[in-house]
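Chains as they are written, first to last, in my numbering: chain A, 1209 to 1642; chain B, 1069 to 1395.
These are calculated hints, taken from the structure and not from any lab test. Glycine residues also receive a C-beta, built at the ideal position from the N, C-alpha and C atoms. Only true hints are included.
Partial list, derived from the structure: chain A residues whose beta carbon lies under 10 Å from chain B:
1. Tyr-1298
2. Lys-1313
3. Asn-1327
4. Leu-1334
5. Asp-1395
6. Met-1399
Cut-off 20 Å, straight-line C-alpha distance, at most; resulting in silico cross-link-like pairs (SDA-like, lysine to any residue):
7. A:Lys-1315 / B:His-1351
8. A:Lys-1313 / B:Leu-1098
9. A:Lys-1431 / B:Asn-1198
10. A:Lys-1315 / B:Ala-1350
11. A:Lys-1313 / B:Asn-1346
12. A:Lys-1315 / B:Leu-1344
13. A:Lys-1387 / A:Ala-1463
14. A:Lys-1415 / B:Asn-1198
15. A:Lys-1415 / B:His-1201
16. A:Lys-1484 / A:Val-1604
17. A:Lys-1315 / B:Thr-1225
18. A:Lys-1313 / B:Ala-1349
19. A:Lys-1357 / B:Gln-1226
20. A:Lys-1313 / B:Asp-1223
21. A:Lys-1484 / A:Gly-1467
22. A:Lys-1313 / B:Pro-1342
23. A:Lys-1313 / B:Phe-1224
24. A:Lys-1431 / B:Ser-1195
25. A:Lys-1313 / B:Asp-1096
26. A:Lys-1313 / B:Glu-1343
27. A:Lys-1313 / B:Gly-1091
28. A:Lys-1313 / B:Tyr-1094
29. A:Lys-1357 / B:Leu-1209
30. A:Lys-1315 / B:Leu-1098
31. A:Lys-1431 / A:Lys-1462
32. A:Lys-1403 / B:Phe-1200
Just a sample of chain A residues kept apart from chain B, beta carbon distances all over 10 Å, derived:
33. Ser-1245
34. Ala-1380
35. Ala-1507
36. Ala-1519
37. Ser-1559
38. Thr-1570
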Amino acid sequence: MFVQRRTKGGIFAAAVVAAAALVASALPAHAETGVTSSTIKLGVTIPLTGAAAPGYNKIPAAMNAYFSYVNANGGVNGRQIKLVVKDDAYSPAQTLSVTNDLILKDKVFALVGTLGTANNEATTRLVNSQGVPRLFVNTGFSGFADMKKYPTTFPLFPSYATEAKVMGKYLADNFAGHKVALIYQDDDFGMDALKGFSTAGTNFVAKIPYAALSQADPSVVGKWITSIVAAGADTVVMFGVTSATGALAGGLYKANLIGKVQLILGSVGSDGTTLKGLLGPLAPALAGSIAASFLPSPADATDEYITQFKAINAQYNAGATFDNNVLVGMNTAMLTVQALRAAGTSPTRASLIKAIETKGSTWASAAFSPILYSPTSHVGYTGYWFGKLGLDGNAVSVDGPGKYTLYTTDSGSAPVVKAVASRPAMPAKGLPKN
Amino acid sequence: MKHKSPAVRLLLLVLIGAVLIIGSGYVDQLRSYQGAQAAIFAIAISSIVLLTGYSGQISLGHGALMAVGGYAAVLCQTHLHIPYPFAFLVGTFAGGVAGFLLGIAAARLRGPYLAGTTLALAVGLPSLANQFHILGGEQGLLFDVGNPPASLGSDFTQYRWFFVVTVIAAILVFWLLRNLLSTRYGRRWRALRANPTAAALSGIKVGKAKVLAFTLSSCVAGLAGSLFAMLLGLVAPLAFTLTLSFTLVTGAVLAGVSNLGGSIVGAVVLVAIPELSNTAAAHFGGSDKVTANLPGVITSVLLIATVLFVPNGPKLPRMKFLARTRQ
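Next up, chain B with everything else stripped away, as it sits in the complex:
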């Protein structure tokens, strides 16, 4: 199968982005918010796909890496007064630094030990905010990015602006990741995932390749975290819970964990589930308790069904220009 050149991929992605952004003018604010939420989830899930689907490492702690990105972005915007697009870059970088440090440890661990270590991170790291006053405790810190640029007109809602920002970020991330994965780095990671011993025998430096994958994956998670902070208007430990980390892994599994394009589908499914369950509950008239617990039930059932019947993810959503090329 022949490769598309980076320029063609960019063109395609920009086209999709343009359609989405223009389309956002025809939906209400709630859809814009959900679209932004889906774009952020897609970025975060793609970081898991890069890590797990390509380099074969597992992380249950990406929610914590998102927290690192979010807090870094908020802190530098609040204290250094830099414009918020640069705060996202800082968040990306901070996520990368945390991921590099974690990656050094992670490269030595495998399977359940790696899962355990990253899980501990997801549980422990957000509560650090309670130890240092500058991090704002349970209450968290407000992240105000102000109003959309005035040139867009007064009708341009804040949520639509968030949608535009997150979609642009998602397109950049997908383009960069897709190009990266078709270079020798991508091939090394795939070799690593398939069989670390064989990869080492072929001259691939296993440790180095693993740390690099972890660092890049964490950069992406950090970016997702800072965008998440923008959407919520705050960072707080309760915003980056263990549930978030699990949600991301769930999204990656639903998407087919080695399928970059699938992360968009995974993200849309995650955003759609509460919506669907609300509609279902309204239709069948369940009690508040049923309504409150239904999204969790649906997610769990989907997850189990995916693992049982289509462990490599549903075949439907493969988009050729984003999908992994196979021989």
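If we strip away everything but chain A, and leave its shape as in the complex, we get:
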């Protein structure tokens, strides 16, 4: 009995300590959440672990590298940028948990580059209720441009529907008469793409859906190959994440179909360096695949954005290989810096959103496509160019190195327009002066 009584006392003591700790951890409020006289705190959620992590896990370090470079050159209006990185393992439940941490505990000023369609959906209620700006989300789900449902959210990437329409046009121009199969991720990401292909009037001999993350299962990949062979497809459009492209390449290799099937990869699943990491010696099997991109090729040494970002990467990113993910991270970070500068010397969440809506379309960014932000539109990029993957895994424009033809359209029924690419010049030393 005595022992029991003593342990019971222990529980109460523990409970009191725990309760005290909970109360003590509440922080005092600032004038604007996440902004002090010397710092601006931002947050990002991204898969750092799990099946979706390869490639994407490089993005936060790249963002941090660019922010460190800007911080070393005086920061934004005298404030240093701090980025809090949280792993969500691509699970919406975990995204919500860590976003709670970011918004309620770390008290970030804004979210930047949060990744995943379902993941961003899961945090929308929280983001909207707290009025947190959610900038340049890393997903092409066209729904996020809906300003009524997502008033503080700014998608950047062209929508998947746009990409599918552009691919449909490219297929019609260059692959007429071929038997084309489609593999897509079975969620809003893939549904968006199906909508775009249907608008473009593309006919597929087989449409193969797969559940997110199921690409790690060899039997799932086996089913893709069986379906491709059964449909007699000579061309396969892969509309999934990079690890799914890797799985597909492995499956094609096992089935001895390399070189017999032309692969066409979506922008989400075509990062050369990540594929090289996933596939190892098998990587050259993807040479000759055609990939849609909106950013320039990370291997293009003639591109002023690439050379500048590469220099920053070499100095601030601890030897990370410069690839598409690093480029995405740096480009997102550079747009963020321009947005924070435009939000004024005492930035508020409202002034940040207003700045993007009124001035965002003029900012420097690596993509060849214009940005369509305005007080009535949250649509970001709208265009793609096509490249061929070389043996090194990097895409070279189908028009030849350094020459880019841009296909632009919208998520709806507008036609696809071909044009020569153009964009604002890279700011001197990669430091925006907007």
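Take the given structure of chain A and dock chain B to it, following the hints.
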């Protein structure tokens, strides 16, 4: 040791609940969210305690039964437009039906075979959502329970409301389970767990008792699933992963698997681990990759240590009025 009457137990639980709910007004939203998370985990873990700690059956598939409850609640709220408290009842019932069917099979299986069957359920069931369009695919379905009642004032945050709802649910579950376990059903299950042959010889219908335990345990899991759906604001296959099922078993083991009161401790530990590991990582300055993997490492180490050193759970957290009575 003498029993407390159900009324006294209820009074004690209501008292604890009242303290928690009043206390929630003095913490920030994040703590309210974590409190709600812990309450849901406590309910889910208590379903494992009922099943494993009392009837001696094992389940690695309770995450899937939570999914059944969650989807049922969301579907009937979306399509039948019933108020969400009733959606929780539907979720509870749906979990029970699934558990009854599974229980019929489970009663014939033991040890690794039962573990394997329930594991298959945890792996397979959530991906059913991809097969039927009404279940919303990978994207899942949104579950909007709206704002807290206006009478509570505009300062009453949504997360605090979720905390109140989940704590009330947890108190009801604990009260019902505790009373149930002190009836002859509880004694039968314990007899069953100790020695099924001896139990059968004493006139206990082993199969029936096992199915009943599985069904009731699944009801509780279904309720936990529908509350989980409310907290997330959605149901999606990725929200009810294999990891969730394992987490629940981990929580039950950490709590001492035959200790109903311990499930509260197990739940608090599960919620606290990511928090602690973040603090530790911030303090020692690890890379993002270390920070991301640390909670898993801590959980695994705790689990191994528990099994090695205190297989019946830590002695500390025994609360007399909730704990199993011993002769």
